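Sequence lines, in order, name chains A and B. The working numbering applies: residue 531 is where the first sequence begins, and numbers increase by one. The working numbering applies: residue 531 is where the second sequence begins, and numbers increase by one.
Hints in this document: simulated from the structure, not taken from any laboratory. This structure is a prediction, so every number in the text was calculated from the model and none was measured. A few of these clues could be false.
Identical copies go unnamed one by one, so any copy, or any two together, can satisfy a pair.
Think about it this way: if two alpha-carbon atoms lie no more than 20 Å apart in a straight line, the pair counts; the simulated EDC-like pairs of lysine to aspartate or glutamate are [as the list claims (entries may be wrong)]:
1. K772 / E889
2. K540 / D563
3. K756 / D699
4. K540 / E938
5. K663 / E934
6. K844 / E834
Each chain, written out:
2 protein chains.
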Amino acid sequence: MNTTANKKSKTDGLTQELSRLIGKENVLHILEDRICYSYDGSKQKYLPDVVVRPQSTQHVSTILQFAHEHEIPAYPRGAGSGLTGGAVPLRGGIVLDFTQMNRIVEIIPEDLTATVEPGVVTQTLQSEVAKHKLFYPPDPASAPFSTIGGNVAECSGGITGLKYGVTRDYILSLEVVLADGSIIHTGRKTLKSVTGYDLTRLFVGSEGTLGVFTQITVKLLPLPEKIETLLVFFATPQDAVKSASQIIFNNLLPRALEFIDKSSITCIKGYNQEIQIPAEVNALLLIDIDGRESSVKTEASLIEKIVLENRALKVIPAKSHKERDALWEVRRAISPALYNIAPYKINEDICVPRSRILEILDRIADIHKRYPSLKVASFGHIGDGNIHVNVMYDKGEQQKALAEKMIEEILRNTVEVGGTISGEHGIGNVKSAFLSLEIPPGELKIMKDIKQLLDPKGILNPGKMFR
Amino acid sequence: MNTTANKKSKTDGLTQELSRLIGKENVLHILEDRICYSYDGSKQKYLPDVVVRPQSTQHVSTILQFAHEHEIPAYPRGAGSGLTGGAVPLRGGIVLDFTQMNRIVEIIPEDLTATVEPGVVTQTLQSEVAKHKLFYPPDPASAPFSTIGGNVAECSGGITGLKYGVTRDYILSLEVVLADGSIIHTGRKTLKSVTGYDLTRLFVGSEGTLGVFTQITVKLLPLPEKIETLLVFFATPQDAVKSASQIIFNNLLPRALEFIDKSSITCIKGYNQEIQIPAEVNALLLIDIDGRESSVKTEASLIEKIVLENRALKVIPAKSHKERDALWEVRRAISPALYNIAPYKINEDICVPRSRILEILDRIADIHKRYPSLKVASFGHIGDGNIHVNVMYDKGEQQKALAEKMIEEILRNTVEVGGTISGEHGIGNVKSAFLSLEIPPGELKIMKDIKQLLDPKGILNPGKMFR
């Protein structure tokens with residue numbers, strides 16, 4: 531009772547102070563509102579004391595100056611679609627909801643750049659620049675709802691990573707508010723700049739722990755003239771993985787090269803009846819090829835030849851935009867469909883050198899034998915070695931503990947084969963216990979020293995990345 | 531006399547100690563040898579006390595541990611081809627010559643990666659991976675002699691930046707020896723990784739001031755099937771700049787898009803008689819288009835159409851590999867040919883948003899009016915807004931001071947139009963006085979704090995980047 535009263539008076543006090551600083555219309559304090567900001571894509575729940583909705587860089591600066599002075603945790607939040615807990619207010623305090631700062635400041639086609647506020651939804655950026663026949667390549671599965679600010683904080687990847695790289699490769703310049711409220715600008719809005727240290731990329735992927743973005747300038751490319759999509763059926767995952775390798779070995783770089791395993795296929799069948807997948811199909815590749823019309827044609831037929839040589843059962847090309855969407859629906863359906871297998875899942879995000887993919891899949895199969903009560907489904911960006919391994923489990927603390935133990939084994943094996951424990955989802959608090967599996971003490975010390983340097987009071991997204 | 535004796539005994543002492551630590555065959559101490567390591571591409575001269583030629587990571591670690599303990603400046607050096615003084619031993623001490631550590635450790639075509647030692651010459655890396663039909667895109671003009679270690683330290687760019695980005699975009703993982711001799715590994719040899727802060731890119735472009743690279747893993751691409759080259763004549767620089775903009779505006783992304791101004795053309799004519807450039811030509815564009823054979827053909831004809839619409843006088847396509855080389859000889863001849871105008875030059879490296887190129891060229895022309903005794907020639911990577919402005923001057927302190935004053939005005943104006951004072955050459959000691967023109971105090975403080983964190987005794991490349 532006492533704690534609740536304390537909590538309430540904390541909320542009241544913060545609400546009063548913050549309303550005075552940035553206007554009460556930008557402060558949410560009632561319980562129903564705060565509950566909406568208590569969880570994110572990682573499905574954890576921690577109630578913030580207060581939520582602020584900054585409208586400007588100056589607002590963000592004012593909020594952080596206040597938080598810094600009073601040592602109150604500050605949790606920046608985009609759409610809250612992150613999968614590693616990046617946006618959950620672990621220690622209460624203030625959530626900064628950036629969805630109001632969602633202006634596209636400028637698109638300069640001649641410079642191939644766009645400057646946006648962090649709350650712009652990634653797909654909105656993609657479609658706005660597409661009107662100028664321009665292309666923002668990073669394409670996380672969350673693009674329809676995740677924000678560019680969150681993408682930069684997590685260094686999001688997505689299906690286009692093999693050919694086009696990830697978010698960090700497209701960020702030219704950032705406006706950042708530091709922990710103490712000071713405003714800095716990193717990089718330049720030029721395609722090249724090597725003046726001083728690369729602070730821009732220090733902030734990209736820093737998961738809101740080093741500073742908060744208030745403006746982001748991205749590099750754009752010309753929009754590819756044409757995209758062609760192929761869905762390929764295989765009898766074994768080995769054939770699919772070998773095909774993917776052979777495609778790259780033959781100097782082809784598809785826009786997307788996605789792998790879907792048997793468990794995932796089984797789920798899709800239950801979820802989406804439109805796509806007919808015969809019983810003998812145990813793995814799929816979903817391939818996008820983009821570029822000039824003529825070269826897309828050439829490359830599509832080369833790829834068809836390669837996969838057939840590698841024992842593909844069938845190649846289904848999309849004949850229209852609508853058919854393309856239908857094929858991609860197969861891929862998009864996996865994540866929700868996995869809940870058909872079991873009510874709970876841990877979605878992992880390992881990435882290995884492509885030459886080690888079969889090895890890691892074999893190792894995961896071996897590990898799985900020791901956890902017969904759990905279900906495993908793997909799919910993802912095989913082109914860049916980034917596999918989403920999903921461990922599904924039933925209700926109960928024992929099942930959950932087993933799943934976590936299995937995940938730890940998978941991560942340990944990933945690091946052993948030269949891989950990384952996070953290809954594109956980040957660490958957050960969900961994986962912070964595993965960070966030291968991959969990052970040795972010396973490197974970890976440098977990271978923590980940098981954190982200490984930029985956020986000495988530890989108010990920015992505390993509890994994330996490091997334990 | 532006393533100083534010389536001190537100097538000599540310093541060399542003797544260091545030679546003895548370092549010989550004991552890494553073998554006398556890896557230590558150079560006689561004056562003639564040390565003179566060879568006293569200068570670099572910036573044409574400054576500072577004599578090191580001793581030169582070491584490490585053969586292994588362990589050697590580098592031992593050397594730095596020793597330098598750290600005794601607070602002796604340590605200057606890493608690749609080919610010494612840098613233009614901002616990155617490799618000159620400003621404060622004496624130890625030069626670490628990395629040319630012996632030039633092994634290509636592995637090329638893994640399936641992973642699209644290569645791991646090399648820092649002393650590998652960039653062109654060697656390019657041609658070795660080309661044997662596997664792979665492509666390492668960063669292509670500084672110095673590629674035939676500069677080393678990959680130097681390229682990473684400076685974040686080198688080159689002619690392919692518009693389409694393919696710069697060195698930082700291709701570095702996956704680094705082995706780094708820190709100031710105190712400890713060995714760390716940053717990043718992973720995977721195409722994606724977001725585990726912890728991006729230390730890799732903190733080291734890329736840090737100009738040897740934060741750590742010394744001993745192994746570098748780079749990302750590769752499939753080798754483009756075909757390259758086509760066009761040389762285009764224009765009556766005015768405005769027509770050339772507008773053409774370049776229109777090419778990009780029309781969704782074309784050439785592999786190279788180089789601009790050469792009238793002063794540079796005049797020099798080339800004196801230097802290379804093979805290429806016939808008519809008198810009415812006041813600007814050139816040199817364009818490379820790469821990709822699949824079919825798309826290169828399509829794009830070359832689109833580009834030809836665009837430049838002719840923008841009043842190009844003539845388009846000369848290369849009909850063979852030999853003709854392509856001849857056309858590129860025009861571009862390569864500029865830098866040496868500029869010495870025909872005046873015996874001294876300062877080669878600047880500004881980069882502006884492409885939409886501001888005409889403005890900055892106009893501003894430079896205006897500034898030039900106030901320095902009639904100096905000559906100015908501009909050329910460079912107009913595709914990414916990166917222009918090498920060369921200020922040429924005659925012998926004498928007064929001329930030199932004038933040239934430096936003019937350069938400062940150019941840099942100031944560059945920053946005013948949103949540009950950067952260094953697109954790809956770095957800061958070194960040559961531009962450190964100008965760093966604060968672009969980097970505000972808050973950002974500069976973060977950089978210096980990071981330097982202090984990683985090199986508290988300031989032994990790594992002291993005197994570079996910061997004054």
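Checked hints:
no.: 1; hint: K772 / E889; verdict: within (12 Å within a copy, 53 Å between copies)
no.: 2; hint: K540 / D563; verdict: within (16 Å within a copy, 70 Å between copies)
no.: 3; hint: K756 / D699; verdict: neither (23 Å within a copy, 25 Å between copies)
no.: 4; hint: K540 / E938; verdict: neither (38 Å within a copy, 54 Å between copies)
no.: 5; hint: K663 / E934; verdict: neither (45 Å within a copy, 43 Å between copies)
no.: 6; hint: K844 / E834; verdict: within (9 Å within a copy, 42 Å between copies)
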